[in-house]
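> This is what each chain is made of:
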Amino acid sequence: MTARTFGRVLIAPAAALFLAVGTGPLLYALYASLHAFPAEADAAPEWRGASNFTELPRDPQFLRSVVVTAVVMVLAVSLQLGLGFAVALALNRVQRGRGLVMSLLLIPSAIAPIVAGIAWWMLFNARTGPVNAILELVGIPPVEWTVTMPWALVAIVTALVWQWTPFVAVILLGGLTTIPPSVLEAATLDGAGPWRMLRDITIPYLRPFFLVAGLLMIIETVRLYEVPFYLTQGGPGNETVLSGIYLFKLAFNFRNFGGASAMALLFVVVLSAIASLYVRVVSGRNSEGRTA
Amino acid sequence: MTDPTRRDALRWGAGALALAAGCGRPAEAASTLKVMSHPGQILPILTHHTEYLKKTCGVSLRILESPDPTSYLDAVKDQQTGGGRYDIAMFFPRFNGELAPGYLRPLDDLIEKHGARPLFENIVDAYRILYSEWGGKTVAVPVDGDVAMLYYRKDAIENPEHRKKFKDKYGAELAVPRTWEDFARVAEFFSGWAWGPSGRPGYGFQSATWERAYIEQQWAPMMASAGGNWFTRDFKPGWNNPAGVRALRDLKSLLAFAPPGSISLSWNQTMENIFAEDVALVLWYMDLGRLGMSRNSWFAKSGGPEKMKNFGYAPWPGYEVGGQYRNFNSMFYGRVLGISRFSKQPDAAFQVLKTVLTPERRILALDDDQSGSDMFLKSDYDPAVFKKLAPPAAFLETARRVLDNGFPEMQLPGAGEYMDALQGQLHAYLTGSENDPAKALQAAAERWDAITERLGRNRQAAYWADVSARYKRAGLKVADL
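In the order they appear, the protein sequences are chains X and H. Count the first sequence with the working numbering and you get residues 613 to 904, in order. Count the second sequence with the working numbering and you get residues 145 to 625, in order.
Heads up, a few of these hints could be off.
What follows is a set of in silico ranges between Cβ atoms, one per label pair, in the way DEER data are often shown [to be verified]:
id, chain 1, residue 1, chain 2, residue 2, range
1, H, 410, X, 835, 25 to 31 angstroms
2, X, 745, H, 410, 28 to 34 angstroms
3, X, 727, H, 545, 42 to 48 angstroms
4, H, 342, X, 704, 53 to 59 angstroms
To be clear, the hints were calculated from the coordinates, so they are not data collected in a lab. Think of the CB as a built atom: it goes at the ideal place given N, C-alpha and C, for glycine as much as any other residue.
One chain only, chain X, in its complex shape (with noise of 0.2 angstroms):
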């Protein structure tokens, strides 16, 4: 046995392993897109070729998901970069106590989201919640944050701020460390300011950094389920049933498992397309940051 053989001799169990438990699923879903499955008792799946794929652009509550799910996601991911950089840089000035600051900051990306969820629906409860008594003591009257728009879509927008903000300032507070002091020391002999070492250097160096978080935030927001359908229900009506939300129904409310498996297809495509995307802009602005 060759020493090439005998490499991949050692190497099949955990290629069997990654083939059986990564793409197995990956292929049944495949399968399951292009099939129908009955209720009824030993009814065999029925084969449906392309169609679950080519009804989705005419279902018109997929549509509307794919849009309520596009506006959540700029707005919440935004936000969360924002107030992330922000919180980073507060942060990285602080000397003591910092790997304690971090710590905590990881707790509400931590807890879980069905418990977030709840923990958001009882603050914006109408009747008992504490943001309404909060505003009732400023004079402002109480809002149906969960059943009226736009508030509801500002109530999850609040809930995926207050859970992911914390873990991106983590991850550009990583970005900062990475930083040079003697560029840092460099820009500021040369004479630049505070804007101006922002603009040049600091967000320049975080780019990668922005990119692995903004990507993250952008699939967090894609497989949102728990915390707006806690929040919300989908509500009012269906003007906030986000794609995650929408999948769930149709696999398991609406027993299409055809189409669910379609859908899900669909966005690995599309979510894939869309890092891909989005790594060719931001490292090509990077390396451009870079050489300037």
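Following the hints, put chain H in place on chain X, whose structure we already have.
Here is chain H on its own, set in the frame of chain X:
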């Protein structure tokens, strides 16, 4: 000889039930059954019997909890993966049409084999016919009966001063409302002024919940009372018509008389509201009358006999349409147990079903303030069976009577999707994101038609014919559109 009373009938029936109850002969030796149950307050339905089943039948229960709204999905997943996950599953009867065709084992042969017919005949007809059968077979066993009724505050309605004020204002007698128009007037009258013991301005009306996932429970019986139905004979939505619009519009107008924020309150919160505030008219399920007697029930921590003594009980109001008066009460929710057709221990599983139907076992969950199981056996409505909660006879009598006009859930395959389509539009109108009730119902109807086409119009229509036949057999006088 005088006619036998209901008590006599129950006493005679008890003899037959005693013969039917018990294991008879041991089931498969030392069986362990995997039983899916809704969690929390629903667990006592089973946990009251775990030791008993083990000792007397040799059946051990391994209870696997599954959240109420999605438990049927776990059964679906069990079916899709070839079974083996559960021997017995608990679900809402709304999903009978989803699970009966492929997952549930018909029970008729087991009923005969184990001599359990008297136990099944002790189930109130409405629950037995509407929620236990599918395609002419018995496929499930109720373990929690649900029906809503009108709870009215006697100190509001029967107060002579209030009666005089009401007559001066509306030129009519103040009475328990018979129609939804009367209801709106009474609700309006008691809104915004201090008429009760709290000394604070009271409210006219409170519903069990307005959450999106349950929003249709309030509207559907009103729609049926106004002359609608789930479907027409040619299998079109039977509520996309003036009856549906009228019910929806009337329902929204009632919100003005409910405590602020009611549109987003949960079940528990509305019950607490009822005890904390003065609310004249309350549309709630049997839980309020049964668990309201406790000061520390799983549903509310502020009830008690002194809070409940002010309540009177009546059926929901109705509509007078074309000289015909119809009134229906929401018979939504409830819970059933079914045996998986994949179970290798159907006889042992059936012993569990028999046990929960045996009156002296079943009362353990009924007379328990931490249990969410309401009456569904004929013998459950006898005040003498309650030793702890002691709900008044008038409540039990009304709870039994309103079932004669209980409007059931729509149970066709695809029920989850049909209901989601309806809930979305009802909620949109009631929360104000859609202002035209006819447009809201039209949008829901278009989705219902699309769902029907996808699931097969002829197949669905055949199922509906079966459901309609059961409505007739249960004596439901819904409009035949």
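> Determine for every hint whether it applies to the structure shown.
Checked hints:
Hint check: residue 410 of chain H to residue 835 of chain X, Cβ distance near 26 angstroms, so the stated range 25 to 31 angstroms holds. Range check, residue 745 of chain X to residue 410 of chain H: Cβ separation about 18 angstroms, and the 28 to 34 angstroms hint is violated. For the pair residue 727 of chain X and residue 545 of chain H, the supplied restraint of 42 to 48 angstroms holds, since their beta-carbon distance comes to about 43 angstroms. At about 55 angstroms, the beta-carbon gap between residue 342 of chain H and residue 704 of chain X stays in the expected band of 53 to 59 angstroms.
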